[in-house]
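Hey, can you work out the whole structure from these sequences and the hints?
Protein chains in written order, with the working numbering: chain B, 1 to 339; chain P, 1001 to 1618.
There could be a bad hint or two in this list.
List time: in silico DMTMM-like cross-link candidates among lysine to aspartate or glutamate, alpha-carbon distance up to 20 Å [as the list claims (entries may be wrong)]:
1) P/K1218 - B/E143
2) P/K1136 - B/E80
3) P/K1218 - B/D140
4) B/K145 - B/E159
5) P/K1199 - B/E80
6) P/K1082 - B/E165
Everything labelled a hint here was simulated from the structure, so no lab data went into it.
Since we're looking at a predicted model, the values are computed, not measured.
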Amino acid sequence: MTTPAKIQCRNIWKLYGKKPREFFDSHRGAPDDAALQSHNYIPAVRDATFDVFEGEILVVMGLSGSGKSTLVRCLSRLIEPTHGEVLFDGADLLQATPKQMIDIRRHKMGMVFQHFALLPHRTVIDNIAFPLEVQGVDRDARESKAREIIEVVGLTGREGYYPGELSGGQQQRVGLARSLCIDPEVWFLDEPFSALDPLIRKELQDEFLRLQSLLKRRTIVFITHDFDEAIKLADRIAIMYEGLVVQIGSAEELIMQPATDYVAEFTRDVPRAKLLHVRSIMDAPDPAVSDAVTVSADARVSDVAAQVLTRNQTARVVDAGNQVVGALPPSKLLEVLFA
Amino acid sequence: MLPFVDWVNAAIKFLRKYEFFGAFTFRDITRAISSGIQAPLDFTENLFHKGFDDFAGLGVDIAPVPWLLFVGLAAIYGWRLKGWRLALLGGGCFFYLALFSKRGIWELSMQTLAAISVSAPLAGLIGISFGVWAAKSRAVERIVWPLLNVLQSLPHFSYLILVAIFFGVGSKAGVIATVIFAFPPMTRLTLIGLRGISKEIIEAGIMAGCTKWQMLFKVEIPAARPQLMLGVNQIIMQCLAMVVIASFIGQAGLGHDLLTRLQRLAIGQAFEVGVAVVFIAIALDRFSQAIATREPHHISGRALWARHPGLCAAAALLAATVVLSFITPHALTFPQALTISTSNFWDAIVDYITLHFYAPLGIFRDGFLVYVLIPVRTAITSIPWVAIIALVACIGWRLGGWRLALTVAAFVFFIAASGYWVRAMITLYMVVASMTVCALIGIPLGIWASKRDSTTRWVQNLCDTMQTFPSFIYLLPVVMLFQIGDVSAIFAIIIYAAIPITRYTIFGLRNVPQHIIEAAVTSGCTPRQILWKVRMPLAFPEILLGLNQTLMFALFMVMIAGFIGTVDLSQEIFRALTFNDGGKGLVIGLCVAFIGLTADRLLVAWAERRRAALSREE
Ligand SMILES: Nc1ncnc2c1ncn2[C@@H]1O[C@H](COP(=O)(O)OP(=O)(O)O)[C@@H](O)[C@H]1O
Ligand SMILES: [Mg+2]
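The following block contains the structure:
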C-alpha cells in the first residue's frame, strides 16, 4: 500500500471476566488458552496488530463470536481494550480525554449497526440529522445537509416517516445516511447487511460501493461473516478466529497462500476463476509454448478460460510490457474452474 | 419484644426539632415543600372548579373549565389518539359526570382531577429522576431497588400517618401523600426501560458524539418511551386510588364524599359517588394506555387542518364554547334541572336485598364465619411464632439457599418483635383465607377463559377494567350485601384479589409455545391430557407469580377493609391514624409490608426454580 496508515492497531487485547487488567498483567501480557479457561476469562480479541490504510476498505471477517464486533468497537473506543494501542492519524486514541473523544466522533467517525439502531421517535430526516444536531448545527443547515444525503441514498419522499414505517432495507439506508451526514474520515460498519434478505442485501452492497466511489474515498472497516460479501467489497480481508486475526491480505492472497487450515477451509468454496488473476496460477515460462494463444497476466482467470480451452493448448502469459512471464496449460485452468 | 414504635416516634420527634446546619429545621423543609405545592394546586383548582377571580391582575374573572369544553376536549383527544371509539368513551365518561351531578358529582370530580393533575406530574418527575439515577449507578440501584419493594408493599395508611405528622392535613398533605405513594412504580419502570434500551442504540448515540446530557434526553429517555408511558399510566391510576384514600387526611373531592357517606351508611349515595370514580378511572386508564401504545406516524398534507386536525377542532370548540357562554349560562354549568341522581335507585336495590335476602345472606354469612373463617383463624393464631420463623426459613432455604432463608426469617422476626404478632396473624388469616378462595375462583376461570380466543379477550378486558378501579370501590357492593364485618371484608378482598390470579393463569396458559402443543396433539393426547400434562405444568411459574400478585392485592385490600370493621392490623393502623401516632403507623405498616415481602420472596423464588427446571427440560 502506498497510502499512509489511518488507523494503527497495536497488540490489542480484550478480555471479558472479573478483573481482566490484573489478570492480564499477572500473566505478563500473554495469557495462554489454559490460563484463560481456568480463570474464566473470555478472550474476545487477542493480540490484534494491523494497519488500516487511508482510503481502503478493510473487511473483517469471521464466524459469529470470533470477536469482530469487539475489535471494531476497540477501534472506535466504544469498548476500552484491556491492553494495546490504537493510533488514529498517529495519535493514541486511548489517551484521548472524553471531550476529545466526543470531538473525534462528531467530526471524523461514522458507524453503521447490524440492527440499524435508529431512534424510533424521530423521523427519517431527524434521524439522519441527529449527529449534526448534537453538534449544535442549526436546524436549517442540518436539514439541508440531511436532504442532500437522503437524495443520495434514495429515500426522497420518506423524510417525514418514522423508522417503524420503513422496511429493513430502507431503515439501513437511513443508518448509512446518518453515519455519512458528517462526512466522516473513517467509516465503521458492523455487519450492516446481515439482518437483511439476500436480494436487499445485494442491492445495498451495490449501494455501498456506489457511495464509496461517489463521495470522497473514506477509510472503511467493514465487518461481515459472509465471505462472498467480503470478496465483493474488500480491498483487503482480515480473517478472525477465536479472537485472533489469523491473516490479512487480498482475497487472492488468502486463497493462494492461506496462513492456516482454518483460512483454507473458509476459502475453499469460493468461485476462484472470477477472483484469481492469471498471474497467481500460471506456471513458469516455457520456451516450448507457441504464441498461438496469448493471455495477459493481469486478466481474471474466468475471462481467459474460454479462449484457452477452445484451443485446448497451453497459452503464453505476458505482462503489461508484453514480456513473457509464464505459461498457462489448460489442465491448470480446469483445476481452478472445477476445484 | 423490641420497642420499635418508641424508636420511630423518638426519631420523628428528633427530626421535627432538628436544625440542619443550625439554619433551618425539618419543619422549615416541610413548610417549603407545602408552599411549593400551593401555587400549582391553586392553579389547577381554579382551572377545574373554582374559576379565576381577577385573572392575572387583568380585572377579568375566568370561569372554571366549562363542562361542554371538558367533554368536547376529551372526545377530540380520544379521537386523535385512537379513533371514534375512544372519543365516545372519553366524552361519554365525562358527560356522565355532568349529567348525573344532582349531588354535585361534577364539582367533586373536578376537585379530584385538580389534585391528580398536580400529583401525577410531580410523582412522574420524582419517579423518573430516581429511575435515571439508579440506572446510572449500580450502587444507587442496590439501595433503591429494595427500598422500592418496601415502599410498594407498605399499606396506604402508613404513608398517610407520616404525611399527616409532617405536613398536617388538607389538600396539600393529600397531594404529598399521593406523590409518595405513586412514584415507586415509575422509578421501577424507568429503570427497566433505561436498562432495556438496545446496546446498539446507545452506541449510535455515543458515535454521534452525544454528551452525557444529550445522551439522556435525546437518546435514552425517548428510546425508553414505551416503558415510561406505561409508568405514566400506572402513576395516574395510583394517584386516583390514593386521592380517594387521602381523604382520610382531608383531601377534598370524590373520595372525601365517598368516605363520609359510607361512614353514615348512606349506601346509595356512596354508590353513586363510587360509580363516578369508576368512570373517571376508566377514562384516565384508557387515555393513558392509548398514549402509551401510540406508534408515531408521518403526517402528510400541507394545510394546517390536515396537519393538526385535533388542535384545530379544539380551537373551534373553545371558540364555540365562548360564544355560547354569552348566549346561555348552561354552556358553563350543566343545567341543574336536567341532572339526575342515582342514589335512590341504589338505595332501592339495597332495600330490596335486605328485604328479600336478609335471612339467606345472614345464614350464609354466619355459616361462613363459624365453619370456615373462625377455624382457620384459630389454627393460624395458635401456631407459636418460633415455629413460623423456622418454617419460613426452612422453605426459604429449600427454594433459594441461606440468603433467602435469612431474609425471610428476619422479616418474620421483625413482626414477632414488634409486639403486633397476634394481629399480624389475624391479618395473615384473612389473606390466606381469601387467597385460597381467589385461587379456587381465579384458576378455573383462567383455564376456562383461555380455551377460546373470544372468551380470553373478554375476560382479559374485564380484568383490565376492574383492576383500574381504586380498591376502595370494592367495599361498596359487599357492604350492600353483608353489612359490616369480617365476611364483608373477605368478600371485598376476594373480588379485588381474584383479578391477578385470573390474568396470570390466562397469560401462562396462552403463552405455552404452539409447537409443544402440536407435539402433544400429534402424540395423541386428549384435550384433558394436554391441559393437565402439558399446559398446566408449563404455565405453573406464571400461575405462581399470579398468586404472588393476588397476595399483594389481598394485603392491600385487608388494610382498606379495616375500615368496615375487622380486628387485624388495619384496625390498629386506623387507630394510629386517629391519634396521629407515626411510630405505630410505620411499624404496623412495616409488619404488613414484611408479611407481603416474605410471601413475595418465597413465591418468586419458587416460580424461578420451576422456570429454570422447565428450560432445562426443553
Ligand atoms: N460484554 C461481554 N461480556 C462477556 N463476553 C462478551 C461480551 N461481549 C462479547 N463477549 C464475548 O466475546 C466474544 C466475541 O464477541 P463479538 O465481538 O460480539 O463477536 P462477533 O461480533 O464476531 O460475533 C464472544 O465469545 C462473546 O461471547
Ligand atoms: Mg457481531
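So, going through the hints one by one against the coordinates:
In summary, the hint linking P/K1218 to B/E143 is supported, as the alpha carbons are separated by about 17 Å, within the 20 Å threshold. Distance restraint check for P/K1136 and B/E80: the Cα-Cα separation of roughly 19 Å lies within the 20 Å cut-off, and the hinted pair is therefore satisfied. At most 20 Å may separate the alpha-carbon atoms for a hinted pair to count; P/K1218 and B/D140 meet this at roughly 19 Å. Distance hint between B/K145 and B/E159 is fulfilled; the C-alpha atoms sit about 13 Å from each other, no more than 20 Å.
About 15 Å separates the Cα atoms of P/K1199 and B/E80, which keeps this hinted pair within 20 Å; it holds. Distance hint between P/K1082 and B/E165 is fulfilled; the C-alpha atoms sit about 18 Å from each other, no more than 20 Å.
Violation of the numbered hints given earlier is absent; every hint is satisfied by the structure.
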